[in-house]
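> Spelled out from the first residue to the last, the chains are:
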Amino acid sequence: MKRIALFALIAAISFSCGSQKSQKENSGENSEKAAVVYSVDELYANASDLVGKEVTVKGTVMHVCKQGGGRCFLMGSNEDFNIRIEAGEKIGAFSQEQMGSDLTITGIFKEVKTEADAHNPAREHGGEAHVHDEEAEEAHRIIIQAEEKTETVYFMEGLTIVKEDI
Amino acid sequence: MKIRRLLRILHRDLGYFIVGMTIVYSLSGIFLNHRHDFNPDYKIDIVDFQTEIRSDTEVDESMLKRILEELDKSIVFKKHYITNQGNIKIFIENGEVVINPATGNGTMNYLQRRPVIFEMNKLHKASIGTLWKWTSDGMAVILLFVAVSGLFLLKGKRGFGRWGWWWTIAGIIVPLFFAILYI
Chain A
1 MKRIALFALI AAISFSCGSQ KSQKENSGEN SEKAAVVYSV DELYANASDL
51 VGKEVTVKGT VMHVCKQGGG RCFLMGSNED FNIRIEAGEK IGAFSQEQMG
101 SDLTITGIFK EVKTEADAHN PAREHGGEAH VHDEEAEEAH RIIIQAEEKT
151 ETVYFMEGLT IVKEDI
Chain B
1001 MKIRRLLRIL HRDLGYFIVG MTIVYSLSGI FLNHRHDFNP DYKIDIVDFQ
1051 TEIRSDTEVD ESMLKRILEE LDKSIVFKKH YITNQGNIKI FIENGEVVIN
1101 PATGNGTMNY LQRRPVIFEM NKLHKASIGT LWKWTSDGMA VILLFVAVSG
1151 LFLLKGKRGF GRWGWWWTIA GIIVPLFFAI LYI
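Line order of the protein sequences matches chains A and B.
Per our numbering, the very first residue in the first sequence carries number 1; after that it's consecutive.
Per our numbering, the very first residue in the second sequence carries number 1001; after that it's consecutive.
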């Protein structure tokens, strides 16, 4: 039993090292493939051409979902230009420490077509009374205002963080 | 080897193995259960302060850095911008600061990770990648085995057939009751 446990531990560590190495290699490959890095403003300016495609965008993290970091919002030249990035399985989660950092992220640029695609803080964080969080409420207010100004709402399914500038 | 003896050996050894995971999931589960009462990952310190900034003050990065340094020397400035509402928003390491230039009032939100609990929560939410997802699935299967095998370990008066099944039914009725009532 001890031998089995030890063998399993060694296998897990080896697999983990191999997986991390291949993730880093994939990240390098992605950064070479996606040579064009769009700002958030440029992404919206070319939205109709880029929908459904893998793109790389760079922006400042203006909000990270406090309930697990499953998504973040990158800001462009001002708050009105922001794009939701879903962390998904590949990225895992964003951290609050990334707020204010410039992230370059590769992902699939998509249009919000269904309720499931839309960002709904009440659905995601629970509709019941919760800790009063002014920062989160302010961020959600800005995001909703920006969405209301546009005809079409977009988001990105994040695949990899290419670069992080703190 | 008799099945019951094998079950006992596996239950014992896998039980020892899974204790760590069970503690991680139980403790983080309690914190995550209360995610609407408090932030399970971070302790948030809110500091209100006053600056000499007014509506006609020309604000630049060096001025803001000086203000932050006077507040706390350990604060690290990242960047700032003017919000749509005209407030000055400053991103700092582990937090953010908002200053109202009309009044000079400022508020700083400073985040501190809850040591150990933060990491446990990340493991619980399986938000650290695909390898952990499958590893934790495997651990869950082991926990399931330990739970179910425990039902069949004892014979006699206190075995599952004469004693244990009452407790097992009661343990199922509690979540079932809430599920029926609230879901």
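Among the hints, a few may not be true.
Covered by chain A, per the in silico footprint, the following chain B stretches (three or more residues, Cβ under 8 Å) [to be verified]:
{"#": "1", "stretch": "1028-1042"}
{"#": "2", "stretch": "1059-1073"}
{"#": "3", "stretch": "1076-1083"}
{"#": "4", "stretch": "1087-1093"}
In short, the hints are calculated from the structure, not lab data.
Note that the coordinates shown come from a computational prediction; the quantities given were computed from them, not determined experimentally.
We put the CB at the ideal spot given by N, CA and C, even for glycine.
> Hint by hint, say whether it matches the structure.
Each hint tested on the structure:
1. Proximity of the stretch 1028-1042 of chain B to chain A, defined as three or more residues with a beta carbon under 8 Å from a beta carbon of that chain, is established by the 7 residues found.
2. Look at the stretch 1059-1073 of chain B against chain A: 0 of its residues bring a Cβ nearer than 8 Å to a Cβ of that chain, fewer than three, so the hint is violated.
3. Counting residues of the stretch 1076-1083 of chain B whose beta-carbon sits less than 8 Å from any beta-carbon of chain A gives 4, enough to reach three: the coverage restraint holds.
4. Residues of the stretch 1087-1093 of chain B with a Cβ under 8 Å from some Cβ of chain A number 3, which satisfies the need for three, so the listed coverage holds.
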